[in-house]
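Novice: Going down the list, the sequences are from chains A and B.
Residues 311 to 645 (our numbering) are what the first sequence spells out, left to right.
Residues 186 to 468 (our numbering) are what the second sequence spells out, left to right.
In case anyone wonders, no lab produced these hints; they're calculated from the structure.
Computed from a prediction, not measured in an experiment: that's the story for all the values here.
Note that beta-carbon positions come from the ideal geometry of N, C-alpha and C, so glycine has one too.
Certain hints may be false.
Some chain A residues near chain B, calculated using beta-carbon distances under 7 Å [unchecked claim]:
| # | residue |
| --- | --- |
| 1 | 328 |
| 2 | 329 |
| 3 | 466 |
| 4 | 617 |
| 5 | 621 |
Derived Cβ-Cβ restraints for the label pairs, each shown as a range [unchecked claim]:
| # | chain 1 | residue 1 | chain 2 | residue 2 | range |
| --- | --- | --- | --- | --- | --- |
| 6 | B | 216 | A | 447 | 32 to 40 Å |
| 7 | B | 289 | A | 634 | 53 to 61 Å |
| 8 | B | 289 | A | 481 | 48 to 56 Å |
| 9 | A | 396 | B | 224 | 47 to 55 Å |
| 10 | B | 210 | A | 319 | 29 to 37 Å |
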Amino acid sequence: MTFLKRYLIPRLIQYVMILWLGITIVFLIPRLTPNDPVMAMIGEMRARGSTLEPGAMDGIIRDLTEMYGLEGSWSDQYWAFWGRLFHGDFGVSFFNFPTRVNQLIATALPWTLGLLLTTTAIAWISGNILGGLAGYFSRKGWSRSLDAIAMVIRPLPYYIFAFALLLLLAFVVRWFPVTGGSSLGAIPSFSWAYFKNVIWHSFLPALSLIILGAAVNFQTMKLIVQNVKAENFVQYAKLGGVTEDRIVNRYIIRNAILPQITGLALSLGLIFSGALITEMVFSYPGLGMLLYNSVIRADYNLIMGITILSIFGITTAILIVDLTYPLFDPRVRYY
Amino acid sequence: MKVLRDLFRDYRFFISFFVLVIILILAVLSFFAPYDPTLWNVVPKNQAPSMKYLLGTDSNGQDIFWQATFAVRNSLIIALIAASVSRVIAVLVGMVAGYTGGNTDRLLMFICDGLLVIPLFLILVMLAMMVRQHMNLVVLGLLLSVFGWPWDARVIRSVILSLRELDFTKTATLSGTGTVKLVLNEYMPHTTPLIFSTLINNISWVIGLEMTLALLGLVNVNVPTLGTMLNWAIIYQAMFLGRWFWVLTPVVLAVFMFIALYWLSTSISEYLDPRTRIQRVGV
C-alpha cells in the first residue's frame, strides 16, 4: 500500500498533469498566434497553387473553423477539444481528403515504432557497454580513441549527421539505397525476402540513430564509471581481495547503470524528435515522413494529430521506464 | 591572461578557438560582399569553382562563397538572439526557483520537466507554421528562445540551491542584504561561468534547429542561412547532379561550427571544474 501512496499515485498525478500541459499547449498555439489560423491556412493553400471554387472555399472555411474548434468561447472550445480527444478523433486530413488522420497515422506508426525501439535499444546497450569498458580501462589507447570519436560525433544534430551519412554511404560509395523503408512495389508479407528488403532499406536511418545515440550513452557512461571506480568502496573492495570480476559486475556496473536509466527516460523526447528528423532525411515511411508531407502541404489537422499522439506516447514511455526503476535500484523500496 | 594561457594548453580549446575565429571572419566578410544575397541570377548559373567564383555558383545564379558568408552571419544572429533571450529566462527561473523554494519552486520545476519530456520539435513546427507569414530572423530567434531554457534553468537552480546553504548567504542575510542584491552581487559571480557554458551549447542547439526547420521550409527561404542554403541545394537535387560544392559548403561549415562550439564548451567547463583542471593543467 505504501508503494501506491508514496510512489505510484504521485507519479501518476505528475503523468496526467504533464499530458494536460502538453495538450493544452497544442490547444493554445493556434489561438495565441496573431493571425487567424483559418485564413492563414487558406492563404497557404492558395500559395501552394491549389485552386478552389468559391462555394468549396466557404465550405473549407467552415470546416476549418469547426476542426480547429474555433466556435464559441474559449472554455467551450476547450471542452469540445478534450471531448474529441477522448473519442480518439483527430478529424480528417485536409490534403488526403477524406482519409481520417487516425488512419494515416496508423499506417505510419509501425514503421516509426520498429525503427525507434530497435535503434534506442541497440544504442543504449552498446553505448553503455562500450562506455563502461572505456571508463574502466580509461588509460588504454583504444579507450582514448573511442573517446575522441565520440567527441566529434556527439555535437552533431540528427539532421546534419543523417545527411552526412546519406551523402557518404548512399551517394559517394553507393553501398545503400538512397530512400525508403522497402523497395518500391514490395508487398508487405511475413516472408524472409520482404524482411530482408526492409532491413536493407532501413539500415542507413537506423545506423545514424544508433551511432548518435551510442555516442551520447558512451560519454556519460564512461564518465560515471571513471567516477565510481575512484570511489572509496571500490578501493576498499580491491584491497580486501574481492575479485576483479565481482567488483566490475556487482559494484561498478550496478551503481553506474542507475543514472543511465534515468537519463534514458529524460532523453526519450529528444530521441523521438531525432527519429522523426532522420526519417525525413531518408524518406523513411514513418511518422517523420508523414509530418514532412503534412508541413509541406499545410495539413494542420494531421500535424496536430501527430503531435498529440507523440506527447501521449512519449510521456507514457517515460512513465513505464520510471516505474521499472525500483527493479534496478535495491535502495528504492516502497513496501 | 593566465587563464587564457591555461586554456590554450588544451588542444581542443586551441582548435575550436581557431575554427570559430575563421567562421567569425567569414561572417564579417559578408559586409564586403559584391552581391546582394536576396537577388537571383547575379552570376552565371552552375559554375564550377574557379578564381572568379571561389566555390562556384548555384542554380539560383548566386555565388556560393559570398552566399555562405551571409549564411554564417544570419545563422549566428538567430543563434545569438535565441541564446541570449533564453539565458535571461533560464537565469530568472533558475534563481527564483532555487532561492524561493516551496510552491513557486514546485510550479516552475513542473513546467521545466513538462517542457523537457514533451517532444518540443513538434510543438515548434506547429508554432512556426502559424507564424510563417511573419517569419524573419528576429521572430525565429525569439521562437527558439521559448524552448531553449528548461534544462539550463534546472542546472542553475541546483547551483543556487547549494549556494543558499553556504555560510556567506547567512552572513549576508543577517547583515541586512536584500534578496535582489544578494542574488545579483553574491550569487551571480558563482553562476556566470556556468551560464556562459550553457550559452555556447545553446547557440549550437539553435543553429541545428534552424537547419532542421529550414528542411521543412518553415523559415524565410529567401534569407540565406546555413539551413536555407542547404535546403536550396536539396530542392535542386544538387547531390544527384554532382554539384558537390553547393551541398558541401553549408554542411562542412555547420559540422565545423558544431564541433568547435562543443569542444569550446567542454574545454571551458573542464577547466572550471577543479577536479578535472588538476588532471589536465597540473596546477
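Novice: A separate judgement is required for each hint: does it hold in the structure or not?
Specialist: Status of the hints after comparison with the structure:
The interface hint given for residue 328 of chain A is met, as the beta carbon of that residue sits about 5 Å from the closest beta carbon of chain B, less than 7 Å. Annotation: residue 329 of chain A was flagged as interfacial toward chain B, and the flag is violated, the nearest CB pair being 9 Å apart, outside 7 Å. Annotation: residue 466 of chain A was flagged as interfacial toward chain B, and the flag holds, the nearest CB pair being 5 Å apart, inside 7 Å. With a cut of 7 Å, the hint placing residue 617 of chain A at the interface with chain B holds, because the nearest CB-to-CB distance is about 4 Å.
For the restraint placing residue 621 of chain A at the interface with chain B, the shortest Cβ-Cβ distance is roughly 6 Å, inside the 7 Å limit, so the hint holds. The hint said 32 to 40 Å for the Cβ distance between residue 216 of chain B and residue 447 of chain A, and at roughly 51 Å that hint is violated. The hinted window of 53 to 61 Å between residue 289 of chain B and residue 634 of chain A is violated, with their beta carbons roughly 32 Å apart. Restraint check, residue 289 of chain B to residue 481 of chain A: a C-beta distance of roughly 54 Å satisfies the suggested window 48 to 56 Å.
Checked against the hint of 47 to 55 Å, the pair residue 396 of chain A and residue 224 of chain B passes, with Cβ atoms roughly 53 Å apart. A hinted range of 29 to 37 Å for the beta carbons of residue 210 of chain B and residue 319 of chain A is inconsistent with their spacing of about 59 Å.
Hint compliance for this structure: hints 2, 6, 7, 10 are not met, and every other hint is.
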